[in-house]
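Novice: In case you want the letters, here they are:
Number of protein chains: 2
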Amino acid sequence: MTAESSQRDAATIEEQVLEQARAAKKAARTLGMLTTAQKNEVLLAAADAIDAAADEVLAANAQDVTRAEEAGTEPALVDRLRLNPERIAGITGGLRQVAALPDPVGVVVQGKTLPNGLELRQVQVPLGVVGFVYEARPNVTVDGFGISFKSGNAVLLRGSSSAASSNAALVQVLRRVLEEHRVNPDAVALLPSQDRSSVTALIQARGLVDVVIPRGGAGLIATVVENAKVPTIETGTGNCHIYVHAGADVDTATRVIVNAKTRRPSVCNTVETVLIDRGIAQEALAPIVSALQSQGVTIHGDEPGMVPATEEDWHAEYLSLDVALKLVDDLDAAIEHIDTYGTGHTEAIITGDQAAARAFSNRVDAAAVMVNASTAFTDGEQFGFGAEIGISTQKLHARGPMGLPELTSTKWIVWGDGQVRPA
Amino acid sequence: MTAESSQRDAATIEEQVLEQARAAKKAARTLGMLTTAQKNEVLLAAADAIDAAADEVLAANAQDVTRAEEAGTEPALVDRLRLNPERIAGITGGLRQVAALPDPVGVVVQGKTLPNGLELRQVQVPLGVVGFVYEARPNVTVDGFGISFKSGNAVLLRGSSSAASSNAALVQVLRRVLEEHRVNPDAVALLPSQDRSSVTALIQARGLVDVVIPRGGAGLIATVVENAKVPTIETGTGNCHIYVHAGADVDTATRVIVNAKTRRPSVCNTVETVLIDRGIAQEALAPIVSALQSQGVTIHGDEPGMVPATEEDWHAEYLSLDVALKLVDDLDAAIEHIDTYGTGHTEAIITGDQAAARAFSNRVDAAAVMVNASTAFTDGEQFGFGAEIGISTQKLHARGPMGLPELTSTKWIVWGDGQVRPA
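In order, the protein sequences belong to chains A and B. Residue 300 in full-length UniProt numbering is what sits at position 300 of the first sequence, and the numbering runs on without skipping anything. Residue 1 in full-length UniProt numbering is what sits at position 1 of the second sequence, and the numbering runs on without skipping anything.
It is possible that part of the hints are untrue.
Said to hold, decoys possible - Residues of chain A clear of chain B, computed beta-carbon distances all greater than 10 Å: (1) M33; (2) N40; (3) E180; (4) N259; (5) A368; (6) T378.
To be verified - Simulated restraints, written as ranges between beta carbons of each label pair: (7) Q295/B with Q194/A: 51 to 61 Å; (8) E69/B with A423/A: 23 to 33 Å; (9) P308/A with G386/B: 48 to 58 Å; (10) D79/A with A100/B: 39 to 49 Å; (11) A100/B with T298/A: 48 to 58 Å; (12) H181/A with P287/B: 41 to 51 Å; (13) G217/B with G418/A: 28 to 38 Å; (14) A218/A with G386/B: 52 to 62 Å.
What the hints assert, rightly or not - Quick list of in silico lysine-lysine cross-link-like pairs, DSBU-like style, CA-CA up to 30 Å: (15) K112/B with K112/A; (16) K25/B with K229/A; (17) K25/B with K229/B; (18) K229/B with K26/B; (19) K229/B with K26/A; (20) K26/B with K229/A; (21) K229/B with K25/A; (22) K229/A with K25/A; (23) K229/A with K26/A; (24) K229/A with K229/B.
Since the hints were derived computationally from the structure, they do not count as laboratory data. Every residue gets a Cβ at the ideal spot worked out from N, C-alpha and C, and that includes glycine.
Required output: the full structure, derived from the provided sequences and hints.
Specialist: As structure tokens, then:
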């Protein structure tokens, strides 16, 4: 392809994305008016329709998988791409679960009557048009639709090109169900994915797109957040620490650390650095190291028998059976280390000392702070939100696990009987 | 100045801003730990100190005013720049008012105990480092400090170069008071203002600055929001409408429209377009037009006796004694017009019809919707927030009048006794 034709393609793709965004904005105007019952009916019908279309979806997915295998994609990635009857059941089960969740739209957040008789209500309303940019897994396509639709938003889905056939098959079913229920099908659209130009068009579509949420690796998230002209919500980067305080129970510390590292090492709430207070190192270091090593964890640190640590290890989000380990002088040194290297996701302290627990909880700057509990609990489902939108590591709008209410904004509705404001 | 030396200056200014931002971030870590009593003591001491230093502040301000007058600045702008004893009293009164407001830090937003015994609390915490970019008025310098400090944030102030001497004098007093109270004085800093490079450095300081709020004209706001790499909150642009529904009381409509246009035409909540339903135009048009004209308002529209309206008038945020006026067929047409031309600030309907009031409230997409009330009520002080941070016209994080809680984020604090997450 020549540089010129590639530029022409990018211009065409940009125009297509803007067209889809305009259509989504138009659809969004009517979504906020749907009743909860109407939305739930659509979500349940969509689940049934995907179950009924499982054969076509699996056939489309087989094309994606074959293409990926022929391109020599690594097996772990191919596995994330692959659908099977169980995974289809998981996808449609997710839609039914979202249907069962409370509707965030119309909830009155606060309200009052002013001395002049004006009645104020602050009401949750949909954001409007939400964009998701994500990687291989086709289940995010349906998830992204479900949570957006339940919260009254239109959604623009920019999945991976490797899942293009699967995503197209799924979105086709969703749009057909919307039409059957007399809902504007532009409430969900799949953006072109052959190159990055659709991402660029999406994240710069000011006035059409209300928020873009990237779901995927650190590189994808940084690209979206740093180049966006529309608001974004940064998710997921987690360099999480567990600090074993001098007043810790060693058994508790060991169990929590092993759980936080080995339960699912590839997710963002796994622990990446263990900080052990010198005041307890003599009792705690050996059992923690040996428990981790017996589970196949590689320890990077300065102590004998560890892989020697470099500055990079303190920054590392391994997402693997690796962990960094450091001895620290005291609580202040632990917080200083976390301030320097943490990503503001989840930080934990193990201690039986009330003053240390309070100081750590208050002083550490993160979306979630755990006292005597595994970092693995930072999760929308664990927190009881029912749906998994991602974990915000930014401070504006949403912080920590995001549920359906995080896909809403608010509106002030003020009712009066002719009040005017004095000069 | 040569292009080369100007580039060198820009690099120096950028380094200075980053240095100030790093110092502010360091100060911010301790601000969140101050008790409400400590913060209030500082705010009251700052008010007293500015009162005591009134002569020096007024002398510095006189320099700014002289410079502006010599440069031929228009009188309205010079007036905004000018301080006098009454305005100083207004500034210090504002600080005392902020001291009296509830502390937003530490408020528990929600919480629960999970089935496994984990105790969750979502607690309001400071954002960290807040940047304000604003125009001539020196009172914003002290306001910006007061609301940021009360909410536990460090603040970077980028005022207008025309107010440089006044701002420097005020910030010097504030920093001295902080030092006297053993608070890190880098909790407030005045950024260089000789050119735009300090704005650019501020809005791109990712990792150091948590949010930038522009306060000023539409051009300033657009520049900040579109070029920022840090989160921003868009404020203030208001093309507000009042729709006189067929079921309106004409006297109410007339009083509300005249109030919304003439009370303070230069503020963002003034009405800029009046939409009159054809179903009531015969009774309503003449009294509304004549009431507006008797107050010196120029009406832009398609009816006889008006200045002929062009497409630009429907977009216009006049901020003057001008208003656009249009006849519309019905509620749908009014909403369609507002969807097309509105800026999402405040939209009002005048009607005695309950169904119309509900439909307008629910369907119009704006920060505030008024039923039978003046658009002038969209205001933090009117809503009872006590402090005026601006009116957000974006949907993320904050929408409508912003109070102190809008300068906070949240943190999940989770206490347990050794819980681990099952596989």
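Novice: Hint by hint, say whether it matches the structure.
Specialist: How the hints compare with the structure:
Against chain B, the non-interface label of M33/A is violated: not every CB pair exceeds 10 Å, the least being about 7 Å. For N40/A, the shortest C-beta to C-beta distance to chain B comes to about 19 Å, beyond the 10 Å cut-off, and the non-interface label holds. At roughly 24 Å, the least C-beta separation between E180/A and chain B is larger than 10 Å, which holds for a residue marked as non-interface. Consistency note on N259/A: stated as away from chain B, yet its beta-carbon is not over 10 Å from all of that chain's, at 4 Å minimum.
With 10 Å as the threshold on Cβ separation, the claim that A368/A sits away from chain B is violated: the shortest Cβ distance comes to roughly 4 Å. Here T378/A does not stay apart from chain B, with its beta-carbon only about 7 Å from theirs, under the 10 Å limit. About 60 Å separates the C-beta atoms of Q295/B and Q194/A, a value consistent with the hinted range of 51 to 61 Å. Range check, E69/B to A423/A: about 29 Å between beta-carbon atoms, so the 23 to 33 Å window is met.
A C-beta distance of roughly 56 Å is found between P308/A and G386/B, which places it inside the suggested range of 48 to 58 Å. Separated by about 60 Å at the C-beta atoms, D79/A and A100/B break the suggested range of 39 to 49 Å. The given range of 48 to 58 Å is respected by A100/B and T298/A, whose C-beta atoms sit roughly 57 Å from each other. Distance hint check for H181/A and P287/B: the Cβ-Cβ separation is about 46 Å, which falls inside the suggested range of 41 to 51 Å.
At about 32 Å, the beta-carbon gap between G217/B and G418/A stays in the expected band of 28 to 38 Å. Taking the beta carbon of each, A218/A and G386/B are about 41 Å apart, not inside 52 to 62 Å as hinted. The suggested pairing of K112/B with K112/A holds, with an alpha-carbon distance near 26 Å, which does not exceed 30 Å. Under the criterion of a C-alpha separation no larger than 30 Å, the hint pairing K25/B with K229/A is consistent with the structure, at around 25 Å.
Restraint check: the Cα-Cα separation between K25/B and K229/B comes to about 17 Å, which is no more than 30 Å; the hinted pair holds. A C-alpha spacing of about 21 Å is found between K229/B and K26/B, which places the hinted pair at or below 30 Å, so the restraint holds. As the CA atoms of K229/B and K26/A are separated by approximately 29 Å, the hinted pair is consistent with the 30 Å bound. For the suggested pair K26/B and K229/A, the alpha carbons sit about 29 Å apart, so the restraint of at most 30 Å is met.
For the given pair, K229/B sits about 25 Å from K25/A by alpha-carbon distance, which is consistent with the 30 Å threshold. Restraint check: the Cα-Cα separation between K229/A and K25/A comes to about 17 Å, which is no more than 30 Å; the hinted pair holds. Using a Cα cut-off of 30 Å, the hinted pair K229/A and K26/A holds, with the two alpha carbons roughly 21 Å apart. A threshold of 30 Å between alpha carbons decides the hint, and for K229/A with K229/B the separation of about 9 Å falls inside it, so the pair holds.
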